[in-house]
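J.: Listed below are the residues making up each chain.
There are 2 protein chains.
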Amino acid sequence: MAVIKRMPRYYRHLAELLRNDVDRISSKELSGKIGFTASQIRQDFNNFGGFGQQGYGYNVRELFNETGKILGLDKSYKTVIVGAGNIGQAIANYTRFDKFGFDLQAIFDANPKLIGLKIRDVEIRDIDTLDAFMEENAVDIGIICVPTTVAQATVDRLVKSGVKGIWNFAPMDITVPKDVAMESVHLSDSLLTLVYLMNDKAKEREKKEKKSTSK
Amino acid sequence: MAVIKRMPRYYRHLAELLRNDVDRISSKELSGKIGFTASQIRQDFNNFGGFGQQGYGYNVRELFNETGKILGLDKSYKTVIVGAGNIGQAIANYTRFDKFGFDLQAIFDANPKLIGLKIRDVEIRDIDTLDAFMEENAVDIGIICVPTTVAQATVDRLVKSGVKGIWNFAPMDITVPKDVAMESVHLSDSLLTLVYLMNDKAKEREKKEKKSTSK
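As they're listed, the protein sequences go chains L and E. First residue of the first sequence: 1, per our numbering; consecutive thereafter. First residue of the second sequence: 216, per our numbering; consecutive thereafter.
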């Protein structure tokens, strides 16, 4: 697992330790929780600036703050959601992201029934006003919750207006320029992976049962 | 990328080709769309049973059906959602999954304001009735949309009742027995990864700008 995938996991586990009032933790204890080896953890934290003290463990608060800084959570990020369907609404309602410093500026949709409604004080605006809004507001991240057919075009509009991060929920592969970051959450890929795994395990069970009955 | 991660992508891209009335496609054309090498694609499809005909390309419909079978989509799966908050409701409303053969049986929540409501004809039931429901209904997949604090306990209940697949949206690491399949969608990990990537690209830009001004 690459460091970029380990970082959010460190952050999440350290946050949980703080919630449980754990002040200090050893690399071995953390390894038991997070699943990385203790030596990987020591190496990572050493690279972050070395917070451990031999035989004393890590200061959870310090490590949490430093991990947050490395992830870029010492800044705040202005976001817009495009597409106020099921997923768009769920993301807009997800208060967890506020705490990280994500600041939802506006939601856009093409559906006249949705335009003008508010989700947690953030207005759903007409998609036709997107470009004008983006011109007037410095938005960092665009969250793409539109149908597949318009996803790439929507991303292109956001990128053109200066957005530097795309969080894509459309079930398709989007392309962005090199200097724009993108992360996709492909829900159906994940569900299909689960089914594949389930069937794989069912086959294994069948094999085992055959073996034990043929004995 | 492992075959298990490639399969859902094949399925998704083949579905899109069918929607666009594409009957045949070469490994080279598909490579351009999906991003795997043409030789990887030929090797995979050969393993699936060899649908290609030299110089003629693949039959998209055949390949789509076969990929679906390999993924296990020739069967249907009974699912329950536990947790009818934002994410639970969004998943319940997501009609896309019906088409794959996922059959939502019930939604459970502890909130009295939600219990008794329906999402697309599926009732939100009292979480206290979960075990009884599971005993009477053969459920294949449990979709976990409950808060972190009760996620593992909820999974344990479902596994005990015979569920063989867990689709986890709780932002924590869940453990399941070996013969149970699990896939997690960690939304906040994905968002934090995006921010990390954005900051990485910003640093690269700054470096380049410094270089060009120092010339």
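In short, the hints are calculated from the structure, not lab data. Mixed in with the good hints, there may be bad ones.
[As the list claims (entries may be wrong)] Far from chain L, by Cβ distances over 12 Å, these chain E residues were calculated:
id : residue
1  : E231
2  : T252
3  : N280
4  : T294
5  : P327
6  : G331
7  : K333
8  : L345
9  : A368
10 : S376
11 : L409
[What the hints assert, rightly or not] Quick look at which bits of chain L chain E covers, simulated, 3 or more residues with Cβ under 8 Å:
id : region
12 : 35-49
13 : 106-116
14 : 125-135
15 : 195-202
Values in this document were obtained by computation on a predicted structure and should not be read as measured data. Note that the Cβ used here is the ideal one computed from N, Cα and C, for glycine as well.
J.: Does each hint hold? Answer for all of them.
T.: Hints versus structure:
| no. | hint | result |
| --- | --- | --- |
| 1 | E231 | 7 Å, violated |
| 2 | T252 | 15 Å, holds |
| 3 | N280 | 15 Å, holds |
| 4 | T294 | 9 Å, violated |
| 5 | P327 | 19 Å, holds |
| 6 | G331 | 21 Å, holds |
| 7 | K333 | 15 Å, holds |
| 8 | L345 | 20 Å, holds |
| 9 | A368 | 16 Å, holds |
| 10 | S376 | 16 Å, holds |
| 11 | L409 | 4 Å, violated |
| 12 | 35-49 | violated (count 1) |
| 13 | 106-116 | violated (count 0) |
| 14 | 125-135 | violated (count 0) |
| 15 | 195-202 | holds (count 8) |
Consistency with the previously given hints fails for numbers 1, 4, 11, 12, 13, 14, ordered from lowest to highest.
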